[in-house]
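Asker: Position chain B against the provided structure of chain A, taking the given hints into account.
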Amino acid sequence: MIATSGIVFRLAWRNLWRNYRRTAIILAAIAAGIWAMIFMIAFTRGMIESMVSDGIRSIPGHVQIHHPDFRNDPTVDNLMSRPGGELAASLDGKDVAAWSSRVRVPAVISSERGSRGVTLVGIDPVAETSISFVADDVVEGRHLEDDRDRGLVLGRRLLERLESDVGKRVVVMTQGADNDIVDRGFRVVGVYESEIASTEEAFAFAGRATLQELLGIGDRVSEIAVLGTDRREAEQLYLRLADTAGADVEVLPWYELNSYLGATMRTMDGFVIVWIVVIFLALSFGFVNTLVMAVFERVREIGLMMALGMKPRTIVAQIVAESILLLAIGLAAGNVLAWATIYSLSDGIDFSFVGEGLEIMGAASVLKPSLGIGDVLLSTAIVLGLGFLASLSPAIRASRYQPVEALTKE
Amino acid sequence: MNSVRCADLRKTYKQGDQDVIGLDGVSLEVEQEGFVCLRSPSGAGKTTLLNAMGGLDRPDSGEVYVAGKRIDNLSKGKLAEMRLRNIGFVFQAYNLIPVLTAMENVEFVMHLQGVPAPERAKRAGEALNEVGLEGLENRRPAKMSGGQQQRVAVARAIVSRPAIVLADEPTANLDSSSARHLMALFARINETRGTTFVIATHDEMVMSYAKRLIRMRDGKIVEDQLQET
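Which chain is which? The protein sequence lines are A and B, in order. 1 is the number of the first residue of the first sequence in our numbering; add one for each residue after it. 1 is the number of the first residue of the second sequence in our numbering; add one for each residue after it.
Isolated chain A, as found in the complex (with noise of 0.2 Å):
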């Protein structure tokens, strides 16, 4: 069969364009499939990773620790010390981008105009500053100093709510270490703004030394937020984290502390082989179809190699042969197409008259397409494959003809 591989795809190259028109046409349309295909695909990891990245912002962390009850119990009840000893090395491994731990309790701020609930994180601004969105997304006012900063940092629609301001004063209730409500004025001196603006009205952000003294908790603690070197090596961290953090804690990885976005990230695996089934069966048809035109077109020209003494096999290496070229030709065409599309998109696509749709799916209103290898490897690989399926029916129908019956079919 290698010796014949030379004469095979010859044979199939010159017999691709023999009919000019047909072969551009269906390879117009294979490369248009393949263009919707990798471009919906880059377009669907792009929102996906948008709420990946956000949500993980938000939660915020690779990885969590938190006493075991915290996440039922969410309250100065269930809290834990700062880490030390082996944790607290482990948390300067070179695996971790950056940690801090905050205090997060739930309270009520109200102004002279109205109340609302929120969740009041305290932070250690300069331990955060690259694990959560605030100090990013602060567009008023300033940011917190330090951990003993006395101010309060809102979200623009929470601040709206309100109908408060910066340099405005607050008043934040929330419930105490003995379980007495305790209560401070705060003065407003930062506003932030997020992608998702449900965050704006959930999350208020106050110094966690400030805070600590407000619930009279000492140095203790409610969670302590871990940022990875890279998302994808995120189990690698939970896990060498869950080891050293002793059983008196809980470690969580992002993807079960946002079961949704966990969730989402494994569906999208399986979404996208579904899509490149659904667009190749889609493309199927006319694929099949201009295989079984050319092989009928042929059938005196196979019986005649057959007659020379072509075995069934590389009749069928041959058509086969003609199919896969086709289909590599459209996929490098497609694959080129996509690319550029992608590319020209690069800042993203706006889709902020849908905002509100997308930031219930937790996603931002500019979308950015995200092309990976491993995606345009594996359309590629189901493309030949599923093509390579497809073209067997016409290249074994082809096999089978007696010599002496197609020599004479007219």
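Quick caveat, the hints were computed from the structure, so don't treat them as lab data. Even glycine gets a Cβ: it sits at the ideal position worked out from N, Cα and C. Each hint can be trusted.
Covered, in the sense of this in silico footprint (three residues per stretch, anywhere, with C-beta under 8 Å from a C-beta of chain B), are these stretches of chain A:
no.: 1; region: 13-21
no.: 2; region: 305-314
no.: 3; region: 397-404
Below 30 Å or equal to it, Euclidean Cα-Cα: the simulated DSS-like pairs (lysine-lysine) are:
no.: 4; chain 1: B; residue 1: 143; chain 2: B; residue 2: 122
no.: 5; chain 1: B; residue 1: 76; chain 2: B; residue 2: 14
no.: 6; chain 1: A; residue 1: 409; chain 2: B; residue 2: 78
no.: 7; chain 1: B; residue 1: 78; chain 2: B; residue 2: 220
no.: 8; chain 1: B; residue 1: 69; chain 2: B; residue 2: 211
no.: 9; chain 1: A; residue 1: 409; chain 2: B; residue 2: 76
no.: 10; chain 1: B; residue 1: 78; chain 2: B; residue 2: 14
no.: 11; chain 1: A; residue 1: 409; chain 2: B; residue 2: 14
no.: 12; chain 1: A; residue 1: 409; chain 2: B; residue 2: 143
no.: 13; chain 1: B; residue 1: 220; chain 2: A; residue 2: 409
Answerer: Relative to the frame of chain A, chain B by itself:
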């Protein structure tokens, strides 16, 4: 040793609702270096016999031997291999692969045989020279006359030195001058290379080149005679 031997071949075709007898107990031996013409009116069985001898069609019963090996019971793949190694074909029409040049058409069989590229090119060039087509190596069939195409087919049939060349009405689509040239070429190859030729024809000019003339009627051999050329 015989090039081809057929024993009691029978073949019946369906034509509409009717059974048509193609071969009716044909037995025949073709000696090495023979130059045999099968003559008969159309439909008398000469092409059917040629197809059975070449392994292009299977008889309903009987046995066919090529170069001493029985071929009528071989699988499709083994039959193809047998044709590739032992038999050259020249058909009446549609002899060449249209997407290949004259040179590539001649090389085609050697490709399938796995002959290395340099030797393939050398032998194909020599074969084209032998049939008088030097200078037309890179021409495609569509750019050649019927006679030139038949000569390419002859070059392809002889290039791998088969034991036997089977030709079915090889001159039917040629003018008389081209037909004479082709038959002279067959005779020369038969003389110089010792290649056995079996030619189905009803052309008297073709028959004049034969060393042995076999007449068929209704699927049977009714006359088998040697003749001076």
